[in-house]
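A.B. asks: Same order as they appear, the protein sequences are chains A and B. Taking the working numbering, I'd label the letters of the first sequence as residues 1 to 128. Taking the working numbering, I'd label the letters of the second sequence as residues 1001 to 1156.
These are calculated hints, taken from the structure and not from any lab test. Any given hint could turn out to be false.
To be verified - Calculated pairs, DMTMM-like style, for lysine to aspartate or glutamate (alpha carbon to alpha carbon, straight line, at most 20 angstroms):
(1) 70(A) - 37(A)
(2) 1134(B) - 97(A)
(3) 1134(B) - 37(A)
(4) 1033(B) - 92(A)
(5) 1033(B) - 93(A)
(6) 1134(B) - 92(A)
(7) 1134(B) - 119(A)
(8) 1134(B) - 45(A)
(9) 1033(B) - 45(A)
(10) 1134(B) - 1036(B)
(11) 70(A) - 45(A)
Stated by the list, open to error - Okay, the calculated bits of chain B under chain A, using three or more residues with CB under 8 angstroms as the criterion:
(12) 1011 to 1018
(13) 1033 to 1047
(14) 1128 to 1142
Just so it is clear, the structure is predicted and the values come from calculations on it, not from any experiment. Note that the Cβ used here is the ideal one computed from N, Cα and C, for glycine as well.
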Amino acid sequence: MDRTPSDLAEIIATADRDLNELKELQIFGGDALIVNEYGAQLSNDASATYQLTLTPSSELGVLPSSLMLKWTNTQIAGQASANYTVFQVYRDDGVFEWRITGGRVNDFDTFISLQYLGEATVNLVRVS
Amino acid sequence: MRDESNIADQVSAILTDLDELKTAQLVGHSQVKVTEYASDAISVTSTTTGYTSEAFANCTVTAGSILPGNTLITHCVPEVYTSGGVLIDNKTDGRSVNVTVIETDSDNTNAFQINIYHTSTGGETIPAETYTVKFHIYSTATLTLTTQGGVYGSNA
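Bound-form chain B, shown alone (with noise of 0.2 angstroms):
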């Protein structure tokens, strides 16, 4: 049978366990702690229909372990070069190609889609283009990418 003196002795040993705890906590009131995931560049041709051309690109986002009950937070942001390898920024106006992010999420997965749309501004026609595509992904969880190219119209 423990006397009060072990009893006191095992407390103090689970305080200072309890203050360790305190102090490794990265995860505070008004903070977390945001790792970014960077997929493989892929490439996606686009289909041209003369003055416009579509392309896509499909990502799956998995976490290696969330609580129940808990939702998947994450962010994505598309990288997307021309053939020649200009960064589509979106920043100019009036450009003709835009960079778009849908996301669609199911419990504890998400799906991000970065769809690329290329129009006409002059009233040339629009060639078909190779894009080289990454998807940057922000969570404060443990994530897995997949990634696969595509183009409207099939499933290449």
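Isolated chain A (complex conformation) (with noise of 0.2 angstroms):
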């Protein structure tokens, strides 16, 4: 069957879409990534002490990228403190797990953020 001069349009148009669309997937060949982020505000309890894990939502895996306690302080400038340790804890499960301990000690609201590539479960439970 001849092709007329549409159809060799509509099929390079075609190409055309495809092109984009596979550049659109290459996040490694543009400028930035896409990242995924898990936020929660914690207790201002300075006794306790958290889990949070990232659980990959299949064989393709997940990566931290970043893990991050940011503090609001509104109150008293210059007299707030608070003291938190963050353990990474090994695990042969493919699940990563950090300890979150300590807490507010003045005048704080404590968020944590979780950083990520990749697609995945994130929970935050209080374990004491």
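Put the two chains together into one complex; each comes in its own frame, and the hints tell you how they fit.
C.D. replies: Below is the structure:
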């Protein structure tokens, strides 16, 4: 069957669309990564210990990129303080785990921020 | 000189290739392929100052292939055992042996250091101890690990 110039234009338009989709898929070829973030507020109990787990959703795995604690202090400038300790826990089941101990001392609200690449489930549990 | 029909056939072939490429893409908008690399187990013996003892191990991470302008993203999980074979997992509050990881980056090479710090809890003297250390490095890139044990105050 003979193809018309219109047929050719349609095929080329499809190829162009496919190429653009491929470029979208190449996150490492661009200038930025798509990073997922989990955030939660911690208790103001200084004796609290938390277990934070990052469980990959598939065999492709997940890659933690940063774990941060953030504080807000709006009450007494220069007099607030906090003391937290974060430990990575070794596990052999593909799950990433951290233990967060310590807590708020003065006039802080504490938030945790976990950033990671890939699809995963994040759980934050107070264990003591 | 190619006629329009030949050109259409060639473009159609390219279209087929593009479809196959899309199917083969492991990396999508929100997914990556992460690989774990585990180092060989190495032994490090701590130095003691009486109420504390310290030891460390180093691991250099080199990517096999990474495009210019990209940053190598890795994550390190330490696996450390005492001389008695007990895993130091930092799960228990108030334990006297702490394991921490320091990361330094330089372009396409990452370097990690596992520090082992043992402190006295009841005034007892902390003896030197030989720990077994493994690095678990997670990355989207192909990596080579180079490890070296050491103690503070020397290059052993």
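A.B. asks: Run every hint past the structure and note whether it holds.
C.D. replies: Cross-check of the supplied hints:
1. 70(A) - 37(A): OK: residue 70(A) and residue 37(A) at ~14 angstroms, within 20 angstroms.
2. 1134(B) - 97(A): holds (17 angstroms)
3. 1134(B) - 37(A): violated (28 angstroms)
4. 1033(B) - 92(A): With a Cα-Cα distance of about 18 angstroms, the restraint between residue 1033(B) and residue 92(A) holds, given a limit of 20 angstroms.
5. 1033(B) - 93(A): holds (17 angstroms)
6. 1134(B) - 92(A): holds (12 angstroms)
7. 1134(B) - 119(A): It is violated: about 27 angstroms lies between the C-alpha atoms, which goes past 20 angstroms.
8. 1134(B) - 45(A): violated (35 angstroms)
9. 1033(B) - 45(A): violated (38 angstroms)
10. 1134(B) - 1036(B): Holds: residue 1134(B) and residue 1036(B) sit about 12 angstroms apart, inside 20 angstroms.
11. 70(A) - 45(A): holds (16 angstroms)
12. 1011 to 1018: holds (count 5)
13. 1033 to 1047: Since 4 is at least three, the answer is holds.
14. 1128 to 1142: The restraint on the segment 1128 to 1142 of chain B holds, since 4 of its residues have a Cβ under 8 angstroms from chain A and three suffice.
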